[in-house]
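**Q** Fit the two chains together into the complex; they arrive one by one in their own frames, and the hints show the way.
Here the protein sequences line up with chains A and B, keeping their order. Take any residue in the first sequence, note its place counting from 1, add 5, and you have its number in the working numbering. Take any residue in the second sequence, note its place counting from 1, add 123, and you have its number in the working numbering.
Incorrect hints may appear among the rest.
As the list claims (entries may be wrong) - Below, simulated SDA-like cross-link-like pairs (lysine to any residue); rule was C-alpha separation at most 20 Å, straight line:
hint, chain 1, residue 1, chain 2, residue 2
1, A, Lys195, A, Lys253
2, B, Lys235, A, Glu223
3, A, Lys231, B, Ser155
4, A, Lys172, B, Met223
5, A, Lys248, B, Met217
6, A, Lys152, B, Arg219
7, A, Lys224, B, Phe238
8, B, Lys235, A, Glu222
9, A, Lys230, B, Thr151
10, A, Lys238, A, Ser188
11, B, Lys235, A, Asn221
12, A, Lys224, B, Lys235
13, B, Lys128, B, Asp153
14, A, Lys230, B, Asp153
15, B, Lys231, A, Asn221
16, A, Lys230, B, Ile157
17, A, Lys172, B, Gly221
18, A, Lys210, B, Gly221
19, A, Lys224, B, Val226
20, A, Lys224, B, Arg156
21, A, Lys224, B, Pro225
22, A, Lys228, B, Ala201
23, A, Lys27, A, Glu151
24, A, Lys172, B, Asp218
What the hints assert, rightly or not - Cβ-Cβ distance ranges computed for the label pairs, FRET-style:
hint, chain 1, residue 1, chain 2, residue 2, range
25, B, Gln208, A, Ala166, 37 to 47 Å
26, B, Pro195, A, Glu236, 19 to 29 Å
27, B, Asp232, A, Glu113, 27 to 37 Å
It is worth saying that the hints were derived from the structure and are not from the lab. A virtual CB, placed ideally from N, CA and C, is assigned to each residue, including glycine.
Listed below are the residues making up each chain.
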Amino acid sequence: MAILEEATTEELARLLDLFPAKHLRQVWTELKKDKKKRDLGQAVAGQRPTAQIAKFVDDHFSCCRQHVYIYERDENAEDTLTLPKKVVDGERVGPGTTTRGLYIARVETQVLLVEPTFQQTSISFLWPVVIETYKDYVIVRFVVLEKNIASYFAGTAYPGARGIDEKEVLRPIIEGLQLKPTSIQKGIKKLWDDDFMDGHHTRYKNPDSVASLTMNEEKGIKKHKKKLYEELKLVPLTQMIFKIAAAKKLSVDVFSTDPSQGTLSFPHYSDKPGDTDRVVREILRHN
Amino acid sequence: MWLEKFFDIISRLFPKDFMVGDIAALSTLDPSRIYVENVRSIFGVSDRFAVELLETAVRQGVLQRLVEVACPDGAVAASAETEGQLPESVNCWMDRDGFMEPVEYATKDLQKTVFYRMIDGEPARPNASAA
Chain A
6 MAILEEATTE ELARLLDLFP AKHLRQVWTE LKKDKKKRDL GQAVAGQRPT AQIAKFVDDH
66 FSCCRQHVYI YERDENAEDT LTLPKKVVDG ERVGPGTTTR GLYIARVETQ VLLVEPTFQQ
126 TSISFLWPVV IETYKDYVIV RFVVLEKNIA SYFAGTAYPG ARGIDEKEVL RPIIEGLQLK
186 PTSIQKGIKK LWDDDFMDGH HTRYKNPDSV ASLTMNEEKG IKKHKKKLYE ELKLVPLTQM
246 IFKIAAAKKL SVDVFSTDPS QGTLSFPHYS DKPGDTDRVV REILRHN
Chain B
124 MWLEKFFDII SRLFPKDFMV GDIAALSTLD PSRIYVENVR SIFGVSDRFA VELLETAVRQ
184 GVLQRLVEVA CPDGAVAASA ETEGQLPESV NCWMDRDGFM EPVEYATKDL QKTVFYRMID
244 GEPARPNASA A
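One chain only, chain B, in its complex shape (with noise of 0.2 Å):
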């Protein structure tokens, strides 16, 4: 449903001929995280295009931008609404002498990454500035 939707953002923002982008491979997306990366490869458009796509969506209550905290070997640690949403600190396993232990780090240390996640139930109301 939340695919359909996109897909409907997408046709109607954009003209049809310039997507060559493949809704079997946007089918197989987790809807519940949804990089910049995976848009923007299954369009092969620009990464502002890209940002551009989930952005209106996000307008049109068809999706909900969310953030996550990685830590430095990549793996996700936390994920807020927003950047101050995210916890203080967050807790990172490292290899120390064969054995893995837990190391604690500030989160304004770490990289984070947006991404997007379907919303449940009907779209909000569309954003009256949206085209």
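The shape of chain A in the complex, shown without the other chains (with noise of 0.2 Å):
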């Protein structure tokens, strides 16, 4: 756990900042609840309780936005599967088990300040990444980070560079656990044939056209143009925004897909932990 135990203050605060104000409340008692987000994360991170950070990211990783990639074995892969020590630019965290691990990778962005001096100056985040086994497939997700760069800053920035981005952390896995992308259509199909959520925009493959449609005030699809959807079933989706059944009961309330490359997007914070973990395994489960 050395990439935690040497962060700095303000590292393990960003990495804090990702999470749901709600959850470091319920694990940190003692924080005010008048303090704000930003603070909250500074708070626990002043007194570095390292591996009390880690479990926490662990617990609570199913809660954040989240970009989610799903793989199956190589026809050419070994039979067992050991995941990595590493990634890119980080390490493994925490004990995890067999099937799942949580990675802390360091990410390092250019930025410019134009105010109150012009300068060059960068700002470095910890980027929790998981790797898991479920099934016949291997599942890498990351949390996305803060995009508002320059909110970290008291004067004018703008952000550069980014030190690594998802790709070239998803490579060198790739390419150990002989892993290729996997087609999710059938399941993602089957939970809308189900109702588990419906969908308001797609893009789909017609034999000599790609075709898109995006529905007025995110109304569903399958709800609202039958026969539309009745066509969707049989043909390519390769991409779709969907809302999640209110009967699910669910914290997590929307997501996007490119079933054709088996890539899924939580693009808001979920409440309960393991709702996200629950959309995925359902999606794989009838795929």
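**A** Rendered as structure tokens:
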């Protein structure tokens, strides 16, 4: 866990910033309700409870905004799969299990400060990544990092080049574990048919074209355009945005996906740990 | 029913031989969202003329005027009876590095479009100033 132990207090604070304030308060109950979210992270980071922070990140990873990549093993892959000890610019933290590992990578972003003085500087973030196996699949999840870099600076700041991105982290994982992207068309279409969710945006392939449709005011395609829905069941979907049915009582309300590439995005925080995991598992269970 | 009332308004207000519009085409419109261009193109008239037809239908209590706000990609984010009743901000979906993600936009910065909707039930009492 050297990456956490050697991290600066600011890096630890920015790591905690990635999580809903509610969960920080649930774990660190001594935190005052009137503290702003940034101050919450700062207050915890100042104490440097690195083991507790690692556990907190692991337990609440599923509540964050995430990008999820789903792979299957290559035909030539070895029978046994061992999760890697580290990732690009990062390492595995916490005990984990043989089927799930939490990794923290360090990402440095260049920043150009215009005010109060003109200078080039950088800011680094600790970036949580989870690699896990489920049935025949390997799932790599990334927490979506703060996009508003300028909010960390008092003056006017413009973000520049970023150290590493998801593709750079994925490449050695894919090569090392002998993975290939998997289609989740079957799982997605089964859940859609079962009314687990309804889509309001679609992009799909026709024999001689690619077509897209976005419903007004995020109305559901299955509910309002039955004929199109029946057609979509039979064609490759390449981009979908879904709203999860309220009846499922999940704290995750929406996700987007490219079913042809096995990728998912959860763009909002979710209240209950495990809810985004459940969506991924349901898709794969029916795939 | 709304269609007959609408067509009745058109034929009462304007000379029949001027209107070469197709009632069959009019019947294919979704009465919950009628754009000015739908009516303009069916009757082959100017934009202003089409607006006049629709506004007459509003005064006659056949149609209701509403306004929608659209995301940069054209998707309708919200609609309301007046621009003032639209939400101050809306979420629009953008492709960011291959993932669709919601981005908040101030409604005042987005394009608004007027549309019309059939009023359910009996039309309101016609405006006395209508022809």
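**Q** Of the hints stated earlier, which fail here?
**A** Going through the list in order, the structure violates no hint and respects every one.
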